[in-house]
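**Student:** Under my numbering, residues 1 to 844 are what the sequence shown spells out, in order.
In short, the hints are calculated from the structure, not lab data.
Bear in mind the structure is a predicted one, so any value in this text is a computation, not a measurement.
For each residue, glycine too, the CB sits at the ideal point set by N, CA and C.
Heads up, some of the hints might be wrong.
Derived EDC-like pairs: lysine to aspartate or glutamate, alpha-carbon spacing no greater than 20 Å straight-line [claimed, not checked]: (1) 653 / 702; (2) 557 / 584; (3) 780 / 820; (4) 508 / 577; (5) 745 / 768; (6) 150 / 124; (7) 537 / 416; (8) 756 / 768; (9) 150 / 269; (10) 508 / 563; (11) 780 / 817; (12) 508 / 520.
Restraint ranges, calculated between C-beta atoms of paired labels, are given here [unchecked claim]: (13) 503 / 691: 54 to 64 Å; (14) 268 / 69: 51 to 61 Å; (15) 697 / 404: 49 to 59 Å.
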Amino acid sequence: MVVSPQGRILWVNEAFGTLSGCGAQDAAQRAVLSYFPQIPPQSLHMLETALSSGTLLDIEVPFCPVIGAQRWVRLQSRALPSDAKTPQAYAWFFTDVTDEHASRTLFQLRELLLDPVSQIRPMEDQLEALAVVVQAQLPGVGVCIQLLEKDGRRLRAAATAGLSGHYLKALDEVSPGDTAGPAYLAVQRVTPVQVKASAALDWGAGGDVLLSMGFASSLSCPLVGVGKVLGCLDFYFPAAEIENSDIDEVIATAVGVTSLAVQRCRDRERLRMLSCGLQQASLAMAIMDARGQVADINDCFEAQTGFGRGDIVGRHVTELYCGQEGEGNEEGWRAWCEELLSSSGFEGECELRRKNGSHYWAEMTSTALRDARGDITHYVTVLKDVTERKESEAMLHQMAFFDPMTGLPNRRLLLDRLEMVLASGRRHRRVSALIFVDLDRFKRLNDVFGHSVGDTALTMLSRRLLAMVREQDTVARLGGDEFVVMLPDVGSSISVDVSRTVRRLADKLLLALREPFDIDGHLHHLQASMGITLLPKGLETAEDLLREADIALYRSKATGLGEVTFFEAGMQLQVKEFADLERDLRYAIKHGELFIYLQPQVDRDGQMVAAEALTRWCHPVRGFIAPVDFIPVAEESGLIVELGAWVFEEVCKLSVRMNLAGHGLPLSVNVSLRQFRQPGFVLAMRDTLRQTGAEPAQLVLEITESLLGDDMGDVVAVMSELSQLGLQFSIDDFGTGYSNLARLKQMPLSEIKIDKSFLQDLTEGNNDAAIVEAILGIAKNLRLLVVAEGVETQSQADFLRARGCDRLQGYLYARPEPAEVVLRAWLEPTAFVDDVQCSGSKVQ
């Protein structure tokens with residue numbers, strides 16, 4: 001092309017006509033600048049300067065042919081020779097460099113994405129640079145990069161090129177609920193949206209600004225990252241039609257590069273936040289790659305374990321065995337690591353080792369991180385120190401299943417193990433044994449030497465028991481001085497041989513327990529009684545078996561201290577009989593099934609001068625139940641306290657009736673040791689006397705000689721308080737115990753009763769006669785009345801009268817009868833009954 005300094009085309013060749021899309025003649029008719037409508041302002045200024053001053057050109061500018069898509073050309077100029085001082089024409093040479101320019105632009109976009117300096121710049125600066133490069137490749141085109149906010153409802157303009165500030169202001173004023181326009185549509189559909197705008201409404205927000213800038217169409221392309229939409233890249237074109245493959249390539253590249261840039265920036269920010277969170281987390285955290293190599297740890301990990309980055313990072317997780325060396329768990333650790341790396345995560349608890357060698361329990365949670373394809377890239381492992389919780393759980397377990405003093409299993413754990421032994425024995429047909437051990441008279445040790453000595457003795461005893469049994473056996477403490485030894489698998493069937501084997505072990509245990517205990521330099525001697533049961537015999541439960549051993553122990557105690565007894569089926573029936581009797585007696589006391597009987601005491605002339613009150617039980621089904629059957633039940637069950645209170649109250653009422661009738665008669669009442677030991681016993685007796693109005697001097701409390709044993713001092717104190725109330729005292733069964741005669745005179749006694757066992761063979765010169773004469777002599781010297789009970793023959797009576805015995809009591813004179821019958825001559829008949837009638841055997 002030849003062009004004048006005024007910008008008029010003077011001549012073009014055929015090649016230019018082809019480039020411009022029209023013939024050479026038509027091409028020469030147009031103004032030169034009409035071929036450069038989208039030229040950047042700086043390039044336009046260079047063209048105008050070259051025309052006016054003749055400056056040489058060598059630039060690349062966008063070239064718009066009459067027909068066809070925009071091209072990029074290299075424009076070079078040279079002044080043509082002329083006689084004038086100034087050039088009269090210029091030769092412009094056009095070289096089509098569209099392909100080369102596109103390649104350079106795409107290369108610049110990729111370089112911009114990969115540039116290390118650019119990567120550390122803020123995301124807005126990177127996007128701004130991308131927009132400028134894209135817009136430079138597409139002169140006249142407006143570029144806008146919009147990013148989707150976190151709420152997913154609003155787009156925010158992050159970078160623009162070729163657009164005015166009025167448009168950006170219009171975008172900022174869009175409300176969160178306004179989602180009109182091609183950009184929002186492209187984001188929602190995740191597909192490019194092209195618009196040929198004929199009105200501002202076609203573009204939504206800022207549409208009027210775009211129209212005023214001369215744009216006629218647009219293309220909105222969604223920016224897609226890893227699994228999510230990041231935003232939108234908008235292109236605004238001055239022409240309504242967009243038909244250029246080069247432009248499509250630039251747009252596609254721009255969209256791809258921008259998406260990667262945004263994703264990279266967000267990933268970097270996410271990693272930065274994760275790294276910050278990793279370091280600031282209060283829990284120990286470690287990151288491993290997919291192969292199990294430790295990539296990083298946080299500061300809390302180092303503080304918790306003592307292992308720093310230099311100890312951990314770069315090593316494989318299987319190399320970091322944290323168990324105790326020599327425990328043989330290394331293979332288990334490797335297997336656990338392999339399981340972790342072959343799965344998507346792990347959650348559990350394990351015992352780990354710190355760098356200093358100490359151990360701790362950690363709650364470990366490992367989560368797999370995956371890439372866009374779903375492949376595991378890393379594992380994030382969190383360690384929470386739960387040592388205190390584990391120790392608390394262990395302590396609670398110890399408290400729940402073990403005795404705190406001896407460390408032995410308690411009743412709960414024993415029953416659990418016993419259930420397992422039962423199940424195993426039934427399945428494999430094997431026999432086991434259960435030995436119930438109870439110390440004899442252990443209370444005396446506590447009372448004399450204190451509970452600390454008693455506790456020490458129990459601890460030493462538990463060690464002895466443990467030393468005598470096998471590793472698979474169980475020694476448990478049920479409480480107090482009660483222990484149980486469980487012996488699993490002692491034979492294949494319940495037989496004499498098995499019983500002998502268990503008995504031999506029980507005897508060894510007895511001998512071991514009889515060895516003195518050295519506590520603080522003092523030797524203490526203990527012994528125990530034992531009850532044994534074998535299992536399984538049938539469908540017994542663990543509780544049933546423990547009850548059987550306890551029943552056998554009870555029989556040992558009844559037989560004699562330090563004994564061993566095997567459980568027999570008949571024992572269970574006896575225990576049931578005892579329980580039934582206790583239940584019925586409890587009912588009888590409250591529902592009028594008990595009655596007061598009297599047995600007279602006569603003087604030397606055979607006249608009734610006193611009487612002993614006795615209790616009889618008229619059972620509605622069994623008939624009369626003898627005292628020898630129900631009094632031991634009352635004693636052992638503790639009902640003797642309630643029974644004794646009832647008897648004393650009834651005797652008080654009877655005494656009041658006698659006094660009102662003018663016939664005062666001393667009445668004796670038996671009192672048990674349990675009543676004496678009962679707190680508030682004296683107060684209860686005082687209240688009964690006050691409420692009934694009975695005369696205390698006519699009431700005699702009989703105590704057995706055995707009651708004056710170990711606790712004689714306490715008993716004498718209680719007797720003294722009751723004596724101050726006016727009550728009289730008598731020692732029953734005198735001569736059968738071991739009374740301290742020196743202490744005897746200290747007691748407030750009014751009489752003693754000779755036991756009937758001494759009256760069986762009263763002949764001159766024999767031992768019984770000598771004992772009776774001695775008792776009478778002692779009583780005379782102490783000014784005590786003497787009552788002989790169990791007098792059944794006249795010869796016994798004559799012997800006793802001849803030696804000055806004050807009162808006689810026995811079948812020779814009268815059997816025990818209902819109080820109303822004995823006293824009918826003195827008392828008015830009551831609405832009660834004259835005579836007690838009860839089904840069953842005759843009352844004795």
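**Student:** A separate judgement is required for each hint: does it hold in the structure or not?
**Tutor:** Okay, the hints, checked on the actual structure:
no., hint, in the structure
1, 653 / 702, "holds (18 Å)"
2, 557 / 584, "violated (25 Å)"
3, 780 / 820, "violated (34 Å)"
4, 508 / 577, "violated (34 Å)"
5, 745 / 768, "violated (23 Å)"
6, 150 / 124, "holds (16 Å)"
7, 537 / 416, "holds (18 Å)"
8, 756 / 768, "holds (10 Å)"
9, 150 / 269, "holds (14 Å)"
10, 508 / 563, "holds (13 Å)"
11, 780 / 817, "violated (31 Å)"
12, 508 / 520, "violated (26 Å)"
13, 503 / 691: 54 to 64 Å, "holds (57 Å)"
14, 268 / 69: 51 to 61 Å, "violated (38 Å)"
15, 697 / 404: 49 to 59 Å, "holds (54 Å)"
Hints 2, 3, 4, 5, 11, 12 and 14 from the earlier list are contradicted by this structure; the remaining hints agree with it.
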